Structures are given as C-alpha cells and as structure tokens.
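Knowing the structure of chain H, use the given hints to seat chain L on it.
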Amino acid sequence: MGLADGEYGSVMRAAPSPVLVVGSNGDVLELNEAAAALFTIGRPGLPLDDVVPSWLAQANRQNVREPVRGLIAGRDFQALAVPLGSAVAWWLFDVTDHQRTKRLLEAERERTAFLVHASTLLLSSMNLGRCMDITAQLAAEYLADAAVVILPPKLNTLTMVWHERGGRPVREVLVADPASVPGLDVALKGFPPVPSRWIDPASVAAWVIPGGFGPIGSVAVVPLPGQGVPAGALVLLRKSNRAVFSEDEEVVARLFAARAGAAIATARLYAEQASITEVLMRDLVPPRLEHAGGIEFAGGYLPSGAADRVSGDFYDLHPAGRESFLVLGDVCGKGLEAAAMTGKIRNTLHALLPLASNHQRILTMLNSALLSSRHTRFATLVLVSAVREEPRVRLRLTNAGHLPPLIVRNDGSVEEARTQGSLVGVLPEVHANTAVVHLEPGESCVLYTDGVTEARGGPLGDAFFGEARLADALTECAGIPSEAIVERVQVLATQWIGDNHHDDIAVVAITAPRHQEAR
Amino acid sequence: MTQAVATDLVDRLWSAVSSGDEYAAAGVVFGALNDGLAAEDALLDVIAPVQAKVGREWAANRISVAQEHAATAINDRVIAAMAHHQVTRVESRLGRVVVACIDGEWHALPARLLAEVLRLRGWQVEFLGAKVPAQHLIAHLHLTGPDAVALSSSIATRLPTAHATITACQAAGVPVLAGGAAFGPDGRYARLLGANAWAPDARRAADLLADGLRPAVAHQPIDDLPHLADQEYTTVARNARSLVKQTMADLTARLPAMAEYTPQQLEHTAEDIAQIVDFLATALYVDSADLFTGFLRWTADILAARGVPGRVLLPTLDVLALRLKDFTRVSRLLKEASDDLDGVL
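Residue numbers (our numbering), protein chains in the order written: chain H, 776 to 1294; chain L, 7 to 351.
Extracted from the complex, chain H is given alone in its bound form (with noise of 0.2 Å):
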C-alpha cells in the first residue's frame, strides 16, 4: 500500500530539509517549511537572487547539477539540484557539524603524525648535540616560527640550540643568567614541575632570540621533562602576538616536550656512561706501538667479541732509555673481568720497571703479587728488553708458560726463541730461562696469543689455523716492516676464522729497520 498521489505535497512540505522549487524564469515557486524556517523573508513568486545568498542563485543560472556548498545563515550547507520537468528543486543539507568532525579528524591526524615524526626522529639519536638539534627544529615548525633549546646551566654558562623555521640549528654556548627570562629558571631546575607559561616578550633577555628575528609577537618558556633528571627548556618564539596555545596545541605542545626531554636525558646519560666508559678503558686498551730507540715495534688487537674493545689478552711497551721493554700477555678468561686482570698486570709490571736487567726477578714479584691479590686468574707471558747495536737488534725474551717467540730470518727460516717457563699467578715458585737472540737488518720477533694458533676455521670450516701455518706464512714475511708482518698475520687468521667465533687475537713484531734514516 502506498501514497495517494496528493499526499507527496505534504510530505515533501514536512521533509526536515529545505527544498526551494524554482521555475525556469529563476522565480521560488515553492518552499517547503524548512526552507521557509531558513529563508524568513522568501515566499512564492520572488526571484531567487532576493531569497538565497549568491553562490546558491548562482549555481542555479548556471544550471549547476554537482552538489555545491556554502554559507546560509552562518552554517554549512550543500546543495543538490533535482529537476522536475523545467523547473528545479534545491535540496540543502545543513553539514556544519559534519565539516567540523572532518576538521578535528584532520587536525588530529596531523597532529599523531607529528608526534609520530617527533618520535622517529628523537629515538635515532643518543647525541645530545643531534637531539637538541632535532627537538629545535620540530618546534620551530610546527609549534611557533622560531624555538630555542637550553640545557640546564654548567656553571654560569648555557648550552643552547636556536632554529629559526626554514633555517638550520645554530648551536651556542654562552654565559647568560636564566633568571633573565621569566620561568626559565623554574624549568631549568625540572622541579617543581610547571606547565609550559607564555610571558611577556618585553620580559625576554636577547641572547634568547635568534638574530635576525625580527619583533617577536609572543613568547612561551616549555620545560622539557627528563627521568630524574631535569633535560632543559624549550623556548617558542612567535612572530604573531597570539600568546596562546589552544587546547590541543596545548596538548601537542606537553606531549612533544615529554618526548624531546625524555630524548636529551638519554643522551646525556650515554654520553655520560660513554666518557666513564672511555676513562676507565684507556688504561686496558693494548697501547699503539710505535717505533722506539731506533727499533720497529707493531702491535695488532682482536678481542674475541665484536662488540668488545678489550679483553684478556694484552701488550704493552715502555721505551726505557737504553733497552725498551716490551710485554705481551694472556690472562685466562675473557671479557672485561679479564681485562680488568691485564690493567693489573700491566701496573704492576710498570712499576717493576727497574728491575728489567733482571726477567727472572720481575717474573717472581709478579707471580708473589698476582698470589695475593683475591683474584683466581693467571696469566701466561713474554718479556722482552730490546736495545739496538748498531746496526742488529739485540733481544733479551723470557717466556714464562706462552707460547713461543717466533724469530723470522732474513732467509725465510723461522726459529723458535729458547725460553721456556712457567706461567703466573698459580705456584709459589716460576722458573723461567732468558734467551738472547740477535737480529739482522730485516729480521724479526713475532709474539702472539693463541687467538691465532687455535682459530678455528679454513675453507672447510673445522680446522685449526696451528703453528705450521703461522710459520708458513711468517716465512713470506722475512725482510718486510713490522707493521706489515702484524697486518699479515691478523688478516691471515681472521679469513681462516671467516664468520666463525674467535678467541682474542694479539700480534707483536719487533723488526730491526732494514734501512737506516738519511742523516
């Protein structure tokens, strides 16, 4: 069962959307009552330009049939034409609320995007120059035309980051009060917490405003949180005097500054725990050797772990007046406990110093010294006191439970040193026989670790590199700069490692110069 045909006029009267009819003369020739509501003065016969606003008159003598919109008493609405025979009906639709939602969509998808860009970019970085850097320059473009990061104060000097939107961060350290610009201090100091406070740009010191600047319209101190820490400020620098933050910039602006801060505090940290880190390795790190008292002394390091820089293997040389005194080491253990063990080694050994003359007396010293120490670890070394006679090399070496020093001729024969003894740190007592070995022009004395003898690995993957090898390839050496027998042999063993584990590699060649200096 459906409408009787006249009762469409009533329905159409009643729709809740206004509907104008109009004629092909451009004349209303209906109104429904919605339309009537809308368009208090319109009524039957009037042209349609006296009726409706003129985007909607227009798109009627231009026959428009698209849906069109605009204003119509202060709110949104879209039009749709629908012809009836020559004349057309206008169907407005009120979208004001509909826009608004699509606006507060947009706004907040832009403002997740930011927060995500922010994000992204903050947690690349642990430098704190970088983070600075990045947190000026987000601010500066999506917060206000220009934005300053401070750290908090070192003394009585500031570090600070300016960005100018469209520019590139300046970095600066000055001396300047923060108590110059209002709230700084307070958010400097990251306790009491406050909120992010717009001040006065009267008020604002100008070392805070980036040269060039021009007037600033409006400034806002927001302090960036740390974790435990206090981070530093962010100050925003608008060229327009809107001294506000709507609501949700408000929000944006808080979550940002929890980011950024949360960002410079990390980096702080790293490079506070990285320059702790630095101080208290330099000492374990095997020294670069260089060339002493006319003698070519190379040294080359792997520790077992590709992340490591030291470990239980070590070396170390002190160029002594006369004779320069070399050591190379093996701690048991790896790692840094091992490590911190050769830091001990090598102290105590330096402050033996004096009694190089005499390997077999260091030996027992050292050995008394590891016994009492609380430490459980022992160490097998090789001690060397080296001193040129014109134009040979004449090494004393003791080797106390190593392995043995490999002497490379200039003939290609490779000799073992005849030193032998026993290892540190176990037994009361260490016996260790010195041996005296001259080198000619050319030749050399090569100390290594096991890290090189037992690699494990070759073409096959399983076998170990062994002594053979070692003295294969330190036959092809004879004659060449110690630098060279160094890389040789590290470059050797790691192919034969390839990508498997390793234990800590160390290398030590100490040549007689094959030519002598122009003089």
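Hints are not guaranteed to be accurate.
As the list claims (entries may be wrong) - With the C-beta cut set under 10 Å, the calculated list includes, among others, these residues of chain L facing chain H: (1) V180; (2) A224; (3) Q281.
Derived by calculation from the structure, the hints in this document are not laboratory data. Quantities reported herein were computed from a predicted structural model and do not represent experimental measurements. Backbone N, C-alpha and C define an ideal beta-carbon position, used for all residues, glycine too.
Just chain L now, kept in the frame of chain H:
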C-alpha cells in the same frame, strides 16, 4: 704538475716503496712538497697511483702478498710522516666527518688517503681505520654526532656487511658516503644499498661532502632488496662451508687427478671454492650476475698469471649447479657465469 713530473715521482716512489726503504720514500714525497707540490696532489697523484700499482703487481704475480703488505706499510708511514710537513697544517673550519672501513675490510689505505684529503680541505676528520665493527661505529656516531660518515670497502664479499652498516648509520641520523671498488665501478651497489652518495675517488668524495649530503632517512634493509625474500642468499651463505665440503667431494669423484693432490694443494683448491661460494652468495645478495661473472673473469686472470688455466674453474661451477639446481636465481647465476667464462677462455 706536468704529466712527466708526476710519472717521474710515481716511478721514484715505487722504486723506494718496493725496496722497503721508508726513508727514501719519504724523501721523494718531501722533496716534491718542498718544490711546491700541493699536499693533496702528493696524496692522490703520487701515493695513490703507487698503491694501485702495488695491487697490479700482486695480480700479475710479480710480488707476494707479504710484499704487498710491506709496500702498503711504507706508503702508510709516508702519509704519517707528511703530517709533520708544514704544508699539511690546515685549520679545520668545516664540519666533522668520520672515515672508516667496513668490518672485515683490511685495505685501509684508500680510506686513509680520503681522510687526509678531507683534513687538508678543512674538515675535522676522525679516521677509525680498517675493519671497524658496526657496533663500534654506531657507538662512535652517537657520541660525536658527525655531519657524515664515509665508508670504504674494496672487496665485494663485504657488501652484505656494508649494507647493514649503511642502514645502521642512517638509522642513527648520519648520512653515508660510500666508496671503494666493492661498490662497483659506477657505484651501482652503493645506490642499491641505499647510500646517500657514492664517489669514484677522494677528490669527488671531498667535493660531494662540501656540497652537503642529502639527510639520512631511516629505513629497513629489506626495503632495498625485496629479492631476498626467496631465501636463496640466506641458504647459500649459511651453508657455505658444508657446500665447500660437498663440492670438494664431488670434484674428487669427477677429477681423478685430485687424488694425487698434496694436502697443501687440496687446501688451496678448497680456498678457491670457498671464495667462489662467497662471491656467489654476494651476487645473490645484490642480485647481480655481473658481480659473479666479473669475479670469475678476474680469478681466471689471476690464475693465468700463475700459470694455471682458467678452465679449472668450470668443473666447480658445474658441480655447484648440480648441488643447487633447485634454486632459481643460483642456477641462473651459475649458468650465466659458466657460459661467460667458457666464451672468454
């Protein structure tokens, strides 16, 4: 500097370097610097050509690997000595650059030359040397926050490691300039692996850095190489050593002469096969048949210089093709390489 002067300097430096005389070598370079040769030209037009000659002499079997290391050590000492000459004293006025070799890369001299050239051009340079583990490099980048990192690699088999290192640097927000023979003569692998820039030589690298690199954009390594989804690289790389063992066994069954090999000969054969497998894996990684055929042609030349016919490589390729016949890309690479080698030999 005229071509004749340059050639004369290169010849004199080569003769000093090849006789292992660092004092004579430093004398050649210091004499030229005193005569007004620019330090950058000394590095790139005298020392670099001598170093390139070291590599060519080894390839031609005129010097041993140990002598190659020795010559490199002498060049290195000459570069170190140059730091004491007043012409190399330059105030750093540009930004900060880190120069490093990819982990596993021992050829540090090209990177060292670049580091010195950048220093001369006014950069604050940190040279981290050969075979820098990625963890150390990234930790260093976080600490120092340089404007760019220059990564060097000469051996193509380091490309997978180079890729991981490049993306890690970029994830830390530092753009990467790649250089060295590993990245291809036209830098194609540098582009493939997402480096921000590539330079064929130190001068171009310095120019590119002066212009400023595009900012680093963090991305996932797999984005660069969608073909890795077929797992062929992973399979070959992970089973490389057992593949070498099987290939040795198959070859022994096929070539009766191998029964007479000394243990040392067998080890050399295994080493050659291991290298072929490593390059095969790398070619799968970057999906380039050129990389694999190029390596085999080069190997054939190296063998020829040592009196071994390049044809000895063909049975190995056959055996590998049989073993790996179920892998599409592997089969294509092996066939192309085999045909190419057959054609040139």
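*Does L:A224 meet its interface restraint, that is, does its C-beta lie within less than 10 Å of any C-beta in chain H?*
Given a least distance of 6 Å, the restraint on L:A224 holds.
*Minimum Cβ distance from L:Q281 to chain H below 10 Å?*
For L:Q281, the interface hint holds, since the closest Cβ of chain H sits about 8 Å away, which is under 10 Å.
*Under the criterion of a CB-CB separation shorter than 10 Å, is L:V180 in contact with chain H as hinted?*
holds, 9 Å
In summary, this structure violates none of the numbered hints.
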